[in-house]
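J.: Protein sequence lines correspond, in order, to chains F and Y. FYI, in this note's numbering the residues of the first sequence are 1 to 323. FYI, in this note's numbering the residues of the second sequence are 1 to 377.
Honestly, the hints are just simulated from the structure, not real lab data. Glycine included, C-beta positions come from ideal geometry on N, C-alpha and C. Some clues are possibly wrong.
What the hints assert, rightly or not - Derived DSS-like pairs: lysine-lysine, alpha-carbon spacing no greater than 25 Å straight-line:
id	chain 1	residue 1	chain 2	residue 2
1	Y	Lys-121	F	Lys-174
2	F	Lys-186	Y	Lys-207
3	F	Lys-174	Y	Lys-116
4	Y	Lys-269	F	Lys-68
As the list claims (entries may be wrong) - Label pairs and their in silico Cβ distance ranges:
id	chain 1	residue 1	chain 2	residue 2	range
5	F	Ala-6	Y	Arg-264	36 to 44 Å
6	F	Arg-238	Y	Arg-233	54 to 62 Å
7	F	Ser-247	Y	Ala-330	57 to 65 Å
Unchecked claim - Derived list of chain F stretches under chain Y, where covered just means 3 residues or more per stretch with a C-beta under 8 Å from a C-beta of chain Y:
id	region
8	21-35
9	167-176
10	226-233
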Amino acid sequence: MTVSDATVESLVRTRQMLLVTGKGGTGKTLVSAALARLGAKLGRRVFCAEISSDPDASSRVAEAFGVKLSGEAPREVAPGLRVGMVTPTMGHRRFLEDVLPVRLLADAAMRSGALKRFLAAAPAFSEMGVLYGLQELANRKRPDEARENELLVVDLPATGHALALAQVPDALIKLVPTGPVGEAVKEGLALLRDPGRTASLVVTLLEPLPVSESLDLVQGVLKHGIPVNGVIANRVVRQNLTGEQLSAGREALAGLPPLLGGRLFGQLERSRQMLDRLGREFTQPLALLDELPDRGRALVDAAADALGQAPLQPPPAHMGVGT
Amino acid sequence: MSHAHLEKILAERRVVVCCGAGGVGKTTTSAALALAAARAGRRVLVLTIDPARRLAQAMGIPENAAEPTALSPELQQAAGITTGRLDAWMLNPRVVFDSIVHRLAPSKEATERILKNRIYKALCDQVAGMQEYTAAEALYEFSTSGRYDLIVLDTPPSRNALDFLEAPRKISRFLDEKVVSLFMPSGPSRFSIMRRAGALIGNVFEKVFGEQFFRDLQDFIGAFSGMFVVMRRHSEEVRALLSSNQSTFLLVTSPEHAALEEARYFRGKLEELQLPFGGFVLNRTWVRAEGMAHPSAHRPGPEAPAALRDAWAKLETLAEQEIALGQRDAALLADLQAQLKLGSGFALAAPHLGEAVSDVPGLSRLARELVPGLAAA
Numbered sequence: 001m002t003v004s005d006a007t008v009e010s011l012v013r014t015r016q017m018l019l020v021t022g023k024g025g026t027g028k029t030l031v032s033a034a035l036a037r038l039g040a041k042l043g044r045r046v047f048c049a050e051i052s053s054d055p056d057a058s059s060r061v062a063e064a065f066g067v068k069l070s071g072e073a074p075r076e077v078a079p080g081l082r083v084g085m086v087t088p089t090m091g092h093r094r095f096l097e098d099v100l101p102v103r104l105l106a107d108a109a110m111r112s113g114a115l116k117r118f119l120a121a122a123p124a125f126s127e128m129g130v131l132y133g134l135q136e137l138a139n140r141k142r143p144d145e146a147r148e149n150e151l152l153v154v155d156l157p158a159t160g161h162a163l164a165l166a167q168v169p170d171a172l173i174k175l176v177p178t179g180p181v182g183e184a185v186k187e188g189l190a191l192l193r194d195p196g197r198t199a200s201l202v203v204t205l206l207e208p209l210p211v212s213e214s215l216d217l218v219q220g221v222l223k224h225g226i227p228v229n230g231v232i233a234n235r236v237v238r239q240n241l242t243g244e245q246l247s248a249g250r251e252a253l254a255g256l257p258p259l260l261g262g263r264l265f266g267q268l269e270r271s272r273q274m275l276d277r278l279g280r281e282f283t284q285p286l287a288l289l290d291e292l293p294d295r296g297r298a299l300v301d302a303a304a305d306a307l308g309q310a311p312l313q314p315p316p317a318h319m320g321v322g323t
Numbered sequence: 001m002s003h004a005h006l007e008k009i010l011a012e013r014r015v016v017v018c019c020g021a022g023g024v025g026k027t028t029t030s031a032a033l034a035l036a037a038a039r040a041g042r043r044v045l046v047l048t049i050d051p052a053r054r055l056a057q058a059m060g061i062p063e064n065a066a067e068p069t070a071l072s073p074e075l076q077q078a079a080g081i082t083t084g085r086l087d088a089w090m091l092n093p094r095v096v097f098d099s100i101v102h103r104l105a106p107s108k109e110a111t112e113r114i115l116k117n118r119i120y121k122a123l124c125d126q127v128a129g130m131q132e133y134t135a136a137e138a139l140y141e142f143s144t145s146g147r148y149d150l151i152v153l154d155t156p157p158s159r160n161a162l163d164f165l166e167a168p169r170k171i172s173r174f175l176d177e178k179v180v181s182l183f184m185p186s187g188p189s190r191f192s193i194m195r196r197a198g199a200l201i202g203n204v205f206e207k208v209f210g211e212q213f214f215r216d217l218q219d220f221i222g223a224f225s226g227m228f229v230v231m232r233r234h235s236e237e238v239r240a241l242l243s244s245n246q247s248t249f250l251l252v253t254s255p256e257h258a259a260l261e262e263a264r265y266f267r268g269k270l271e272e273l274q275l276p277f278g279g280f281v282l283n284r285t286w287v288r289a290e291g292m293a294h295p296s297a298h299r300p301g302p303e304a305p306a307a308l309r310d311a312w313a314k315l316e317t318l319a320e321q322e323i324a325l326g327q328r329d330a331a332l333l334a335d336l337q338a339q340l341k342l343g344s345g346f347a348l349a350a351p352h353l354g355e356a357v358s359d360v361p362g363l364s365r366l367a368r369e370l371v372p373g374l375a376a377a
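Please model the entire structure based on the sequences and the hints provided.
T.: And the structure:
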């Protein structure tokens with residue numbers, strides 16, 4: 001990690017691709033939307049991509065911006081910011097167009113359907129299609145040779161599927177070492193593994209299960225040589241209680257029947273413990289995103305502003321923040 | 001009334017499928033419902049096709065088991081399971097595939113040929129998407145084995161959840177005999193047009209994937225071809241079982257806006273696929289607070305340490321927040337109930353248990369909240 005990566009903003013400013021993942025329900029989509037918004041506010045041309053196996057599903061990133069969007073055509077949701085879906089089929093189509101030298105052959109192959117169906121049915125190939133689609137978005141040039149998407153923010157699927165996606169390139173290279181598929185995958189992998197071009201962030205909540213899963217996720221992603229630049233703890237409730245006050249409260253509560261407010265009090269305590277745990281068990285830097293009262297577009301804007309100011313530091317630096 | 005509805009489902013159905021967004025407590029809900037049914041005397045398997053490791057951790061079973069593992073006798077006892085039983089398994093694609101090959105390959109040679117094929121090996125090592133492909137076969141195997149009265153299926157988070165229903169159909173669409181014959185090394189097709197098409201496909205595949213892969217693929221498909229028919233029949237039977245009144249789909253959600261949207265999405269998806277909807281489980285709500293006193297009733301006096309008085313002031317604010325959240329969740333529950341069509345399905349709220357459910361006593365507690373009639377102490 002270089003010094004310039006000490007803030008979330010520096011990642012958004014300098015990278016070509018930002019991968020966002022985390023356990024389901026941690027707010028990956030909001031964080032992706034906010035990072036994309038931040039990128040656009042910094043003046044970059046941003047594409048926020050969402051991965052879906054179903055081209056008819058409606059985009060949740062677009063929903064975060066209060067816009068309805070389904071289908072493969074991207075849509076501008078804010079100045080300099082487009083949102084779009086990446087589906088395996090889309091990637092396959094681009095791939096075939098790019099690699100088959102004889103147009104007629106490609107057309108015939110697609111018409112016969114066998115190749116299309118093979119690519120759709122063979123498991124690793126659907127991830128390969130996604131990877132190819134992302135690569136294409138990241139590399140696409142405008143007529144003036146500038147990159148069409150200066151920053152690509154990718155809202156990855158939840159843990160299991162994100163890990164699977166990370167694993168696919170290695171598996172495919174083993175299986176199809178030569179030919180255009182092998183080449184495409186190698187190129188995709190080179191992009192994913194280039195710390196100068198790609199950064200990834202894991203979103204978590206300050207709750208035991210999401211923190212455990214984030215730990216697995218960080219290790220799994222690193223195992224495949226993809227850089228993990230930080231963990232974003234989402235929906236942090238700043239507590240204005242000292243450790244002494246917390247333990248006094250806990251002791252008093254223990255001697256009484258369950259009281260209203262007791263469960264939320266427990267949550268505050270747990271999030272403090274989880275912050276400690278992140279400090280002990282993670283070596284990745286951490287950024288905090290507060291629980292925000294806003295809704296819809298206003299929420300994305302508020303989160304973008306908050307992330308724009310968030311330091312990305314080793315967890316111990318956060319100890320005692322607001323506590 | 002809703003509880004009774006869910007209790008009846010757990011007592012009578014053969015398959016219960018839990019769907020929902022990530023982070024809503026789907027895995028714990030599945031395990032808690034399975035536990036309650038086992039308490040009621042049924043032989044239950046809870047099967048997760050979520051690649052995350054939650055279920056194993058919560059139930060104290062090994063993570064990469066080759067077959068369903070029974071809850072340890074101590075834990076069964078702690079959970080109050082006597083005549084019934086509770087097994088859990090995290091779907092392992094390799095095991096399911098190997099079992100398909102051993103059962104269905106026409107000869108010993110064919111078995112060996114498949115197990116040694118490079119593509120086969122790569123597919124089995126691949127986590128991506130394989131859960132979906134093998135889930136239907138696993139469901140077929142367990143639902144016809146006679147070992148279980150009830151299978152509770154915990155699906156992957158979010159929109160991938162129903163892929164396992166479509167995956168066999170996708171594969172069978174690709175593998176219809178006509179297409180397979182295109183890949184057959186000698187092209188057993190009787191029609192010259194098919195042979196020509198075969199040559200074209202071969203040409204394209206060699207260009208795209210390289211020669212080696214195409215040969216491996218031909219070999220793989222050649223060896224597997226006799227088994228496709230059976231696999232397809234199995235997946236059709238599973239589909240029929242899941243569409244029948246022996247199965248129920250439950251939609252699990254939390255009070256989060258996005259999770260509720262997801263539940264609504266699934267409700268539509270079930271209707272589209274003509275799958276039986278059972279009801280909504282609204283998890284982690286703040287609805288039930290009866291019997292809980294307000295902390296102001298226990299406010300420490302001025303003689304108490306300052307730390308405690310400050311903590312209490314905060315607690316009183318939090319109590320107000322819990323009351324507000326309870327009102328919000330009651331409205332959400334009413335909204336879900338209003339979405340039910342007359343006489344079909346239920347919507348019930350499970351309370352926020354204060355901490356994450358991560359072990360068998362926690363699952364028992366959740367089970368008591370969801371189906372008190374089956375899981376009462």
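J.: Does each hint fit the structure? Answer for all of them.
T.: Okay, the hints, checked on the actual structure:
1. Y:Lys-121 with F:Lys-174: Between Lys-121 (chain Y) and Lys-174 (chain F) the Cα gap is close to 11 Å, so the pair holds against 25 Å.
2. F:Lys-186 with Y:Lys-207: At roughly 17 Å apart (the allowed maximum being 25 Å), Lys-207 (chain Y) and Lys-186 (chain F) satisfy the hint.
3. F:Lys-174 with Y:Lys-116: Given pair Lys-174 (chain F), Lys-116 (chain Y) holds - Cα atoms ~15 Å apart, limit 25 Å.
4. Y:Lys-269 with F:Lys-68: holds (18 Å)
5. F:Ala-6 with Y:Arg-264: 36 to 44 Å: Since the Cβ atoms of Ala-6 (chain F) and Arg-264 (chain Y) sit about 41 Å apart, the hinted range of 36 to 44 Å holds.
6. F:Arg-238 with Y:Arg-233: 54 to 62 Å: Holds, at about 59 Å.
7. F:Ser-247 with Y:Ala-330: 57 to 65 Å: violated (33 Å)
8. 21-35: holds (count 5)
9. 167-176: It holds: at least three residues are needed, and the region 167-176 of chain F offers 6 whose Cβ sits within less than 8 Å of chain Y.
10. 226-233: violated (count 0)
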